[in-house]
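S.K.: Sequence:
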Amino acid sequence: FRGRVQALIVDEAHCIDEWGEEFRPMYKQLHRLRNFTGQEVPFVACTATCATRTFNVIWTSLGFRHRPFWGLDAGADRNNLFYVTR
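The opening position of the sequence shown corresponds to residue 1 in the UniProt record's numbering, with each subsequent residue numbered one higher.
Keep in mind that the hints were calculated from the coordinates and are not lab data. Quick caveat: nothing in here was measured; it's all calculated off a predicted structure. Misleading hints may appear alongside valid ones.
The following label-pair restraints were derived from C-beta to C-beta distances [as the list claims (entries may be wrong)]:
hint: 1; residue 1: Leu81; residue 2: Arg2; range: 38 to 48 Å
hint: 2; residue 1: Thr85; residue 2: Arg32; range: 20 to 30 Å
hint: 3; residue 1: Ala76; residue 2: Phe1; range: 23 to 33 Å
hint: 4; residue 1: Gly3; residue 2: Leu81; range: 39 to 49 Å
hint: 5; residue 1: Tyr83; residue 2: Gly3; range: 44 to 54 Å
hint: 6; residue 1: Trp19; residue 2: Asp73; range: 34 to 44 Å
hint: 7; residue 1: Glu12; residue 2: Asn79; range: 39 to 49 Å
hint: 8; residue 1: Thr52; residue 2: Arg32; range: 31 to 41 Å
hint: 9; residue 1: Gln29; residue 2: Thr52; range: 28 to 38 Å
hint: 10; residue 1: Trp59; residue 2: Phe36; range: 13 to 23 Å
Every residue gets a Cβ at the ideal spot worked out from N, C-alpha and C, and that includes glycine.
Put together the whole structure using the sequences plus the hints.
M.R.: Now the structure itself:
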């Protein structure tokens with residue numbers, strides 16, 4: 001198993017926080033997969049909606065505190081979007 005896993009990627013990672021209490025409590029236990037994959041397998045979390053509190057939950061739930069971390073915050077400014085209120 002360990003030899004075949006190249007990475008563990010969680011898309012919509014904000015759901016770890018939003019759903020991790022009642023709907024999908026195992027989401028907050030994803031860090032346990034490190035026991036099966038080994039420390040050398042990268043864990044990746046992707047989301048477009050991540051407040052600081054949610055970031056902290058993702059960080060802990062995926063066990064990033066024990067790993068090197070690289071993050072990218074592209075911000076929320078989208079110049080190509082126009083909002084109209086009527």
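S.K.: Evaluate the given range 39 to 49 Å for the C-beta pair formed by Gly3 and Leu81.
M.R.: holds, 44 Å
S.K.: Assuming the hint says 23 to 33 Å, is it satisfied by the Cβ distance from Ala76 to Phe1 or not?
M.R.: violated, 39 Å
S.K.: With respect to the beta-carbon atoms only, verify the hint that Thr85 and Arg32 lie 20 to 30 Å apart.
M.R.: violated, 46 Å
S.K.: Kindly confirm whether 34 to 44 Å is satisfied by the beta carbon distance between Trp19 and Asp73.
M.R.: violated, 23 Å
S.K.: Using the C-beta atoms of Leu81 and Arg2, is the stated range 38 to 48 Å upheld?
M.R.: With a Cβ separation near 43 Å, Leu81 and Arg2 satisfy 38 to 48 Å, so the hint holds.
S.K.: For Trp59 and Phe36, compare the CB-CB distance with the range 13 to 23 Å and indicate the outcome.
M.R.: holds, 20 Å
S.K.: Would you say the C-beta atoms of Glu12 and Asn79 sit inside 39 to 49 Å of each other?
M.R.: violated, 24 Å
S.K.: Cβ-Cβ distance between Gln29 and Thr52: within 28 to 38 Å?
M.R.: violated, 22 Å
S.K.: I want to verify a distance hint. Is the separation of the beta carbons of Tyr83 and Gly3 within 44 to 54 Å?
M.R.: Because 49 Å falls inside the window, the suggested range holds.
S.K.: Is it true that Thr52 and Arg32 lie within 31 to 41 Å of each other by Cβ?
M.R.: Given range 31 to 41 Å: violated, Cβ gap about 24 Å.
Of the numbered hints stated above, those contradicted by the structure are hints 2, 3, 6, 7, 8, 9, listed in ascending order.
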